[in-house]
Structure formats: structure tokens, C-alpha cells
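If you want the building blocks of each chain, they are given just below.
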Amino acid sequence: MTGVKVEITVNGRSTTDEVEPRLLLAHYLRENVGLKATNIGCDTTSCGACTVLLDGESVKSCTVLAVQADQLAVTTMEGLAGESGDSLDHPVTAAFRQEHGLQCGFCTPGMVMAVAGLIAENPDLDERAVREGLEGNLCRCTGYHNIVRAALVAAGKDPDAAQAAEAESDAARTAPGFSAGSSEGAGA
Amino acid sequence: MIPVGFDYARPDSLDAAVALLAERGDEATIMAGGHSLLPVMKLRLAAPELIVDIGRLRELNYVKVDGDEVAIGAGTRHHDLEVSDVLAAEVPLLPAVARTVGDPQVRHRGTIGGSLAHGDPASDLPAAVLALDGTIVLRSPRGQRSVPATEFWTGVFTTAKEPDELIVEIRVPRTGSAGWAYEKFTRRANDWAIVAVAVVDGRVGLVNMGSTPLRASATEAALAEGKSIAEAAALAAEGTEPPTDTAGTPEYRKNLARVLTRRALETAAGR
Chain A
1 MTGVKVEITV
11 NGRSTTDEVE
21 PRLLLAHYLR
31 ENVGLKATNI
41 GCDTTSCGAC
51 TVLLDGESVK
61 SCTVLAVQAD
71 QLAVTTMEGL
81 AGESGDSLDH
91 PVTAAFRQEH
101 GLQCGFCTPG
111 MVMAVAGLIA
121 ENPDLDERAV
131 REGLEGNLCR
141 CTGYHNIVRA
151 ALVAAGKDPD
161 AAQAAEAESD
171 AARTAPGFSA
181 GSSEGAGA
Chain B
1 MIPVGFDYAR
11 PDSLDAAVAL
21 LAERGDEATI
31 MAGGHSLLPV
41 MKLRLAAPEL
51 IVDIGRLREL
61 NYVKVDGDEV
71 AIGAGTRHHD
81 LEVSDVLAAE
91 VPLLPAVART
101 VGDPQVRHRG
111 TIGGSLAHGD
121 PASDLPAAVL
131 ALDGTIVLRS
141 PRGQRSVPAT
151 EFWTGVFTTA
161 KEPDELIVEI
171 RVPRTGSAGW
181 AYEKFTRRAN
191 DWAIVAVAVV
201 DGRVGLVNMG
211 STPLRASATE
221 AALAEGKSIA
231 EAAALAAEGT
241 EPPTDTAGTP
251 EYRKNLARVL
261 TRRALETAAG
271 R
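Those protein sequence lines, which keep their order, are chains A and B.
Residues in the first sequence are numbered from 1 upward in steps of one, following the UniProt record's numbering.
Residues in the second sequence are numbered from 1 upward in steps of one, following the UniProt record's numbering.
Among the hints, a few may not be true.
Claimed, not checked - Listed next, with one range per pair, are the computed distances between beta-carbon atoms:
#, chain 1, residue 1, chain 2, residue 2, range
1, A, T2, B, A189, 37 to 43 Å
2, B, S228, A, G156, 47 to 53 Å
3, A, S84, B, G143, 56 to 62 Å
4, A, H100, B, A160, 50 to 56 Å
5, B, K64, A, C104, 24 to 30 Å
Said to hold, decoys possible - Among the chain B residues that face chain A by a calculated CB cut under 10 Å, a handful are:
#, residue
6, P39
7, D68
8, A71
9, Q105
The set of hints was computed from the structure by calculation and includes no laboratory data.
We treat Cβ as the ideally placed atom computed from N, Cα and C, and that holds for glycine.
Just need the whole structure built from these sequences, with the hints factored in.
Shown next, in the form of C-alpha cells:
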């Protein structure tokens with residue numbers, strides 16, 4: 001088992017190290033580069049807490065080897081910081097703050113990066129697309145409601161209108177007489 | 001979870017990958033997206049000595065019309081299948097099935113060739129390729145050969161692929177406007193199918209109803225004889241030996257197969 005030299009651009013900065021081929025990208029980011037926003041939750045490709053962007057596309061970094069990211073570009077939540085150096089300036093993180101899209105916060109970096117990837121692929125999101133697009137990210141606090149609202153806000157949508165439209169569409173798909181609720185009544 | 005240590009090679013061409021696999025076949029494993037392989041390596045159910053990474057070979061990532069068929073490079077990712085205009089027009093079943101695999105992050109990495117080679121009977125794409133009457137094209141230093149999907153899976157996680165062979169292409173007929181549907185039953189988003197049924201052009205593929213993906217032959221024969229959808233679907237579990245696990249008993253799965261087959265046939269008939 002020989003070490004392999006990797007060069008990975010992380011958040012626009014070139015990083016390099018000699019790594020064991022079995023080193024996971026999540027560990028490379030946390031231990032070798034020292035960026036701790038990326039969390040390892042389930043370590044089984046299920047929970048999405050370790051989601052980062054690899055060449056602009058969302059991936060679960062617990063199921064990518066560092067050597068597979070050699071010569072590619074990775075973006076972690078730290079990389080969303082603009083010139084101010086504050087990652088809360090980014091539209092996605094700002095939306096999570098505005099809508100209180102987190103409870104304990106453990107899933108948040110993965111949620112934020114999954115939303116960033118989703119919007120990059122499809123800027124015109126509705127609530128269903130957000131929920132389906134986040135199916136690979138689990139929030140054990142079950143705080144999905146505000147996370148979905150944050151994703152809608154980040155995509156430039158009015159979350160109340162988007163959720164009302166989805167409730168109507170959902171009601172039309174389900175059995176007649178079954179109430180899907182309305183945004184006015186929900187959570188009051 | 002950390003895999004057992006291994007050597008890593010990323011050849012820069014398919015020819016180089018084939019040569020390397022020939023040299024180290026028994027101890028080497030091909031990795032494309034790694035989304036079937038890495039999880040089993042992390043559980044230490046697999047411990048290859050050498051990983052041959054073909055994930056960046058652009059020559060294996062394509063979808064193109066070739067005569068009566070569509071040829072799909074083995075390295076084409078689930079996400080690429082989802083958004084392929086060629087498949088949307090020529091083989092609409094495949095993008096619909098690919099869309100149900102895992103989640104967006106998984107679909108950005110996993111490939112059709114990897115899914116077929118892994119041979120998990122609970123996977124979506126193998127049963128779809130089986131229902132399509134597809135062909136799997138394998139390459140080794142001895143040359144290239146084509147294996148019909150009906151003969152490719154030989155047991156759980158076992159295929160007709162030799163250790164020095166790798167899947168280079170999947171070929172499926174252009175089904176065009178023929179009716180199709182994919183009915184996948186799960187309890188939670190993101191789960192593997194408890195049972196799923198792929199229908200296209202009167203053929204029926206079953207997910208997770210045995211040790212390999214299966215065709216519902218009795219259903220297909222009944223349809224060919226002009227039986228009704230309800231009559232044909234009632235035969236969907238004939239001859240199957242579905243597994244028992246926490247998601248359900250064999251009887252439960254057989255019932256699901258009949259119900260999902262009826263739904264899929266009805267949807268396909270309306271398309």
C-alpha cells in the first residue's frame with residue numbers, strides 16, 4: 001500500500017498531500033486540510049451531513065476517496081464565504097438563518113451544500129423539487145419544515161406561496177375528501 | 001468506517017484499464033463511482049488489493065443511438081441517464097428508473113455499469129435493463145463479447161463477468177412510444193425497493209423478488225395470449241422465491257409484485 005500524492009482545490013485554494021488511497025474525502029477535508037464544517041454523521045451514504053460540492057455537484061464525502069478527488073475542485077460550507085470572509089453572507093446560509101432552518105445544526109453544513117448544489121442545477125425550484133432534492137439529507141431533529149422554507153428563499157421563492165401551491169397540488173393528488181392542510185393553519 | 005488498505009491506479013484509457021485488469025485480475029476490482037463498492041469495502045465485506053479507477057474515463061460516458069438500439073457507456077452516471085435527451089425520446093423507462101436510485105448525491109457518482117456489475121437484486125437498473133431485453137458488452141484482452149441481460153446475473157452479487165473483464169457498454173432497444181412504467185415500493189424516501197416492477201413493451205422486470213433481477217415470465221406469456229391486465233398481473237409472482245427481511249415476508253413481497261405489476265401495466269397501457 002503506497003501513498004499517493006493528491007492535489008485538490010478546496011474552496012478555491014490548492015491543497016496537496018500524500019495520502020493513503022483508502023483515505024475518505026471527508027477525512028481529508030477535516031484532518032488534512034483542517035476544515036471542520038463538513039460533518040460525518042452516518043458514514044454510510046445515508047444521512048448527507050458530509051455533503052460537499054465536487055466540481056460543482058453535490059456528493060457525500062464519506063463515500064468518495066480523496067484520490068478520486070485528485071485534480072478536482074471541492075467546495076465545503078467554509079467556501080461559501082465571499083470577500084467578507086463570513087459564510088453567512090451567502091444566499092443559501094443567509095436563507096437558513098432567516099428561516100431558522102436548523103435546530104441542533106449538525107446536518108446544517110450538508111443541508112446547505114445540498115441546497116447550493118440543487119439550486120445550481122435547477123434554479124427554478126418548487127417545494128416538491130426541494131423535498132425530493134433533499135431526500136439524501138436527514139435531520140434527526142426533524143426540522144425539515146424550515147429547512148425547506150430556507151431552500152425556497154435561497155432560490156428566490158416566496159416560501160408561503162410555494163408551500164400553499166404544494167398543499168393544493170398535494171390535495172389534488174390524494175384521495176378526495178382528504179385534507180392536506182393549508183399553510184395558514186399549519187403550525188399555528 | 002475505514003476500508004482495508006489497497007493500492008490505487010487510475011489508468012488514463014480504457015485500453016490501459018483492460019491491460020491492468022488482465023495483469024492483476026484476481027486481486028483487482030474496477031471502481032467507477034464507487035457507490036456500491038466503497039460501502040462494502042467500508043464494511044470490510046470486500047478487500048481488493050488493487051482498485052482500478054475508471055471513473056474519469058470520458059470514453060465510457062455516453063448515450064447514443066446506434067441503429068435499432070441505444071448504446072450507453074458503462075461509466076454513464078445515474079444523473080446523466082436522468083437528464084439525457086436521447087433516452088427521454090428513445091428509452092424513457094431508463095431516466096425514470098435512474099431518478100429513483102438513491103438521492104441526488106448518489107446519482108452524481110453512481111454509474112449504470114457499476115450498478116449492473118454489482119448485481120444487487122434490490123437495485124433498480126438491473127431489472128430495468130432486463131425488462132428492456134438489453135445486452136451487456138464486456139471487454140478483456142481476449143476481446144469483446146455481448147451477454148444478454150437474461151444471462152448476466154447468476155446469483156446474489158454474482159454475474160457472468162470474468163475477473164479480467166469489465167463492462168464497457170449497455171445496449172438497449174429503442175422502445176420509443178411503447179408503453180412503460182416503473183413502480184417502486186419503499187417505506188421511506190431513499191430506501192432500496194422492497195419490491196419494484198419495471199414494465200416496457202409488454203415485458204416485466206422484477207426487483208428484489210429473488211437472488212437476481214427476474215422477468216415475470218408467466219405475466220408476459222399471459223399478456224401475449226391476450227389476457228387482461230388483471231389476469232396477467234395475478235401471475236407476477238409465479239416461480240419467484242423472494243427474500244425475507246425486516247421489510248417483509250416472501251408472501252408480502254409476492255402480493256406486492258402482483259399489485260405493482262397491475263399498476264405498472266395499467267400505467268404503461270395509458271402511455
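Hint check:
1. A:T2 with B:A189: 37 to 43 Å: For A:T2 and B:A189 the Cβ distance comes to about 41 Å; the hint holds.
2. B:S228 with A:G156: 47 to 53 Å: For A:G156 against B:S228, whose Cβ atoms are near 50 Å apart, the range 47 to 53 Å holds.
3. A:S84 with B:G143: 56 to 62 Å: 60 Å, holds
4. A:H100 with B:A160: 50 to 56 Å: Holds, since A:H100 and B:A160 (Cβ atoms, about 54 Å apart) stay within the stated range.
5. B:K64 with A:C104: 24 to 30 Å: This hint is violated: roughly 48 Å between Cβ atoms.
6. P39: For B:P39, the interface hint holds, since the closest Cβ of chain A sits about 6 Å away, which is under 10 Å.
7. D68: Interface hint status for B:D68: violated (33 Å vs cutoff 10 Å).
8. A71: Violated: closest Cβ of chain A sits about 24 Å from B:A71, beyond 10 Å.
9. Q105: At 5 Å from the nearest chain A Cβ, B:Q105 passes the 10 Å test, so the hint holds.
In summary, the structure is inconsistent with hints 5, 7, 8 from the numbered list given earlier, while agreeing with the others.
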